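Chain A is fixed; fit chain B onto it per the hints.
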Amino acid sequence: MTADSYEDVAVGKNDPIPALEVQPQDLYHAKSFWTRWIFCQDAKVIGIQYAITAVSIGLVAMVLSWMMRLQLSFPELVPFLGPADYYQFVTMHGMIMVIYLLTALFLGGFGNYLIPLMVGARDMVFPYVNMVSFWVYLLAVLVLVSSFFVPGGPTGAGWTLYPPQAITSGTPGGDGLGIVLMLISLSIFVVGFTMGGLNYVITILQARTRGMTLMRMPLTVWGIFTATVLALFAFPALIVSCIMMTLDSLLGTSFFMPAIVEFGVQSEHSGGSPILFQHLFWFFGHPEVYIVALPAFGIVSDLISVHARKNIFGYRMMVWAIVIIGALSFIVWAHHMYVSGMNPWFGFFFATTTLIIAVPTALKVYNWVITLWRGNIRLTTPMLFALAFIVTFVNGGITGLFLGNVIVDVPLSDTYFVVAHFHMVMGIAPVLVVFGAIYHWFPLITGRYLHEGMGKFHFWVTFLGSYLIYFPMHYLGFVGVPRRYYEMYESPYITASTISLNQFITIAALAVGFTQLLFLYNIITSAKLGKKAERNPWGACSLEWQTADVPATHGNFGKELPVVYRWAYDFSVPGAKEDFIPQNVPPSEVPDAEVEKT
Amino acid sequence: MSKKEGIFQLLAQKPWDPAQAKIDDMHEGGTINLSKGKLGLQVYYVCQYNFLLFIYCYLF
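Sequences listed follow chains A and B, in order. Using the numbering used here, the first residue of the first sequence is number 1, and each one after it goes up by one. Using the numbering used here, the first residue of the second sequence is number 1001, and each one after it goes up by one.
Excised from the complex, chain A in its bound form:
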């Protein structure tokens, strides 16, 4: 990139844009299959690598959930599944879905693919470190998967890995390599994420193109940026607790292990604090919810704006809300610990902060709805998923208000109500955004559309099916059905009606699960045979659709980087020829466009 590349760029006689001095960025262009697809330094390829790995391990977790559901409802179909297997599956399903699928997919997948494109950069600022971050992530996944094949199997401690249970011999995988491999895998994941996270933050802060101020960035970038900052601050708590627990397990230290009697034998541990682990874990664990949710908020804001042909309502409020939610997420962690026996005043404080976080969150929901108001709504598949996200997130969020209150949380703790709540708010809602985002950006990645008919079918079965699964689960929780039970047979607490409801949930879960296979089929076939997409098929304003080639090649924007003249939401501007004005269109090209009111 030379300094005089922008000399001829001007918006009018009185409004010249001076030449920009852009330091040329050394890009290691691929020269062979290996450097193109395996050890590639192009953020877009790395994003796809992240996505494929995350989805692959996510499919494993989905199959584990099928096994669990079958055991609960039709145990005769899975006679090979013992109690230890069940707890191992619960643990692995939870950890894989939260960390190795959702976190990796939103930040590693969408972050890598979209950040450089949306901010107008040629690539991440540290491409080599970025490439290594993926390989470290892959190593973390392989270490985790390897725990299925060691004596004793993977850990069955539950995804929260609470000590002392996690490393005592009565717990599946507790006295073998299972728990150790889980802890090592998590530590490796954090190392890999730190490499990637540094890239995302520095690229957004320092490598934006000319004219791309922070307040002109699409909300997708704001969401990923804030989530990455959260992760960089929260993950140290996870890695610290993992290392300490590994030492407790392997070397007999007592960071988290109190003096306990294990199978009639006094253990060698003494003086450790299991509650300390809970604090460390949830200091990471609650921001983790927003590490997943904030990118979803950003993406859904962009999807709604593009497919409703309206500028996002309250852009500044949306940015503030993202930042405030991120900040507040660090002072709510102990609402996960109301039943740990902590001081009631502590519970009062965390209940208050938990309810406060609902304010900026609700503000975002209002803004999405107002954006839709009088919009030219196109019910495309991405839009359907975005709308479904709003409904689902509100549903999941409202049950969060229940659980945020100590008095309500205590009786509901460890029931299916909790399972339903977090699956709605942290499982289904973000996954709906993932699907919407894939349908939206698939033409950017491949130059082809996903099949719309299959997409709509996929949407309706996933959306309605999810409600068939999780709405009844709330009821099960209210009537007291406990979570994490291996068997459901008739008892004073588990009545015949709840057993049949459980069976209904399982059938719905299998249907929703199999529909995801149709989605994978759609991706595979459409990548080669799908209908060819024109440039910028949805009429979006953001820069990712303004690349020199579609799909974009390494370096993204050809010879010259784009210059940004406007925010990413100039939709339906009165006086403009089209109902969108891309960010890199200078005012001189749309002289009749009026100023938007927002």
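Derived by calculation from the structure, the hints in this document are not laboratory data. Do not rely on the hints blindly, as some may be mistaken.
Partial chain A-side listing against chain B, Cβ under 7 Å, derived [unchecked claim]:
1) Ile202
2) Arg208
3) Arg210
4) Gly211
5) Thr213
6) Arg216
7) Pro236
8) Tyr565
9) Trp567
Computed list of lysine-lysine pairs in DSBU-like fashion (alpha-carbon distance at most 35 Å, straight line) [to be verified]:
10) Lys1014/B <-> Lys559/A
11) Lys1036/B <-> Lys1022/B
12) Lys559/A <-> Lys1022/B
13) Lys1038/B <-> Lys559/A
14) Lys1036/B <-> Lys559/A
15) Lys1036/B <-> Lys31/A
16) Lys532/A <-> Lys31/A
17) Lys577/A <-> Lys1022/B
18) Lys559/A <-> Lys31/A
Pairwise CB distance ranges, derived in the manner of DEER restraints [claimed, not checked]:
19) Pro551/A <-> Gly1037/B: 27 to 33 Å
20) Trp34/A <-> Leu1010/B: 41 to 47 Å
21) Asp549/A <-> Leu1010/B: 31 to 37 Å
22) Ile377/A <-> Pro1018/B: 27 to 33 Å
23) Arg316/A <-> Tyr1045/B: 29 to 35 Å
24) Glu262/A <-> Tyr1045/B: 38 to 44 Å
25) Ala527/A <-> Leu1010/B: 37 to 43 Å
Since this is a predicted model, take the numbers as computed values, not measurements. Beta carbons are placed, not taken as given, at the ideal position from N, Cα and C, and that holds for glycine.
Showing chain B alone in chain A's frame:
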């Protein structure tokens, strides 16, 4: 955007406002007056400091 601008001033900007647009058009893209490498190292140090803080809190 001025590089000395605070976070609250930044978040108060109206990116759709023509007056703001003229200022924004001149923006060079970077946010902080540091090289990418130096800023990356600083962010990394903050993460590590945070990491050490947890151990320090536990030990003392």
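- Task: Please name the hints from earlier in the document that this structure breaks, with their numbers sorted from lowest to highest.
- Result: The structure breaks none of the hints.
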